[in-house]
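Trainee: Sequence:
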Amino acid sequence: MKKRLIFSPVCLVGPVLISLVTWSGCAINHDETHKVSQENLSTTTRPPGIYPDTVRLFDIVGRYPETTWKDLDLYYRNDIPKYHAGMDYADNLKKLAISHLVYTFQLTEHADKKTLEFYVLEQTSMPIPNAEVLINCLEGLKGYWPDARIRATALSEYERLIDYVNTDMKDPEGVLLRHKHQFDKLKEYGEHNR
113 MKKRLIFSPV CLVGPVLISL VTWSGCAINH DETHKVSQEN LSTTTRPPGI
163 YPDTVRLFDI VGRYPETTWK DLDLYYRNDI PKYHAGMDYA DNLKKLAISH
213 LVYTFQLTEH ADKKTLEFYV LEQTSMPIPN AEVLINCLEG LKGYWPDARI
263 RATALSEYER LIDYVNTDMK DPEGVLLRHK HQFDKLKEYG EHNR
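Quick note: the sequence shown uses our numbering, first residue 113, plus one each step.
It is worth saying that the hints were derived from the structure and are not from the lab.
Mixed in with the good hints there might be a few duds.
[What the hints assert, rightly or not] Estimated spans, in silico, between C-beta atoms of each pair:
id: 1; residue 1: Y176; residue 2: G286; range: 32 to 38 angstroms
id: 2; residue 1: D296; residue 2: A260; range: 33 to 39 angstroms
id: 3; residue 1: G286; residue 2: T180; range: 24 to 30 angstroms
id: 4; residue 1: A197; residue 2: E271; range: 25 to 31 angstroms
[Unchecked claim] In silico DSS-like cross-links for lysine-lysine, where the CA-CA straight-line distance does not exceed 27 angstroms:
id: 5; residue 1: K282; residue 2: K225
id: 6; residue 1: K292; residue 2: K282
id: 7; residue 1: K207; residue 2: K299
Cβ coordinates follow ideal geometry from the N, Cα and C atoms, glycine included.
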């Protein structure tokens, strides 16, 4: 088997103030897809789905607590559609921005319910949202959305994610092996949210 050196992104997201993007090289089989081989990289090429490090998101998050959730919300609603729509990394950038809104800027504690609803609907329109972030947003909608709607959203997202992986992913078994525990959190949340 021919081996090639590729680079894959590792993005640390969570309740931390710093967002790092690191690159790690590893050898893979040449027939794997969604990887970029070393010979195809240039100083102007980045792997598909990876956002450039010049996006303003990093400036907003890096200046927390000087900046607020409203700054990132404005960036999400105005700059991402204006400057990043249609780019191969747009969904990943949106997912990262929402994660920072929830974890870094405590969106569920500070924003109004209409804003939380907006971000729930944004996540349910993504191919694969972050299940824990979605659950946090759904939890923040308690009292604003009926419990039945919260439950139905969690369970339908679980079903949609499983269906998406099984129909649109090259290696559904591998994806489910690595990520089904995350998807299952949505199912558990929906089943226990009464």
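Trainee: Determine for every hint whether it applies to the structure shown.
Mentor: To see whether the hints hold, each was checked on the structure:
1. Y176 - G286: 32 to 38 angstroms: 36 angstroms, holds
2. D296 - A260: 33 to 39 angstroms: 21 angstroms Cβ-Cβ, so the 33 to 39 angstroms window is violated.
3. G286 - T180: 24 to 30 angstroms: With a Cβ separation near 40 angstroms, G286 and T180 fall outside 24 to 30 angstroms, so the hint is violated.
4. A197 - E271: 25 to 31 angstroms: 28 angstroms, holds
5. K282 - K225: 37 angstroms, violated
6. K292 - K282: Cα-Cα ~16 angstroms, so holds.
7. K207 - K299: Holds, at about 20 angstroms.
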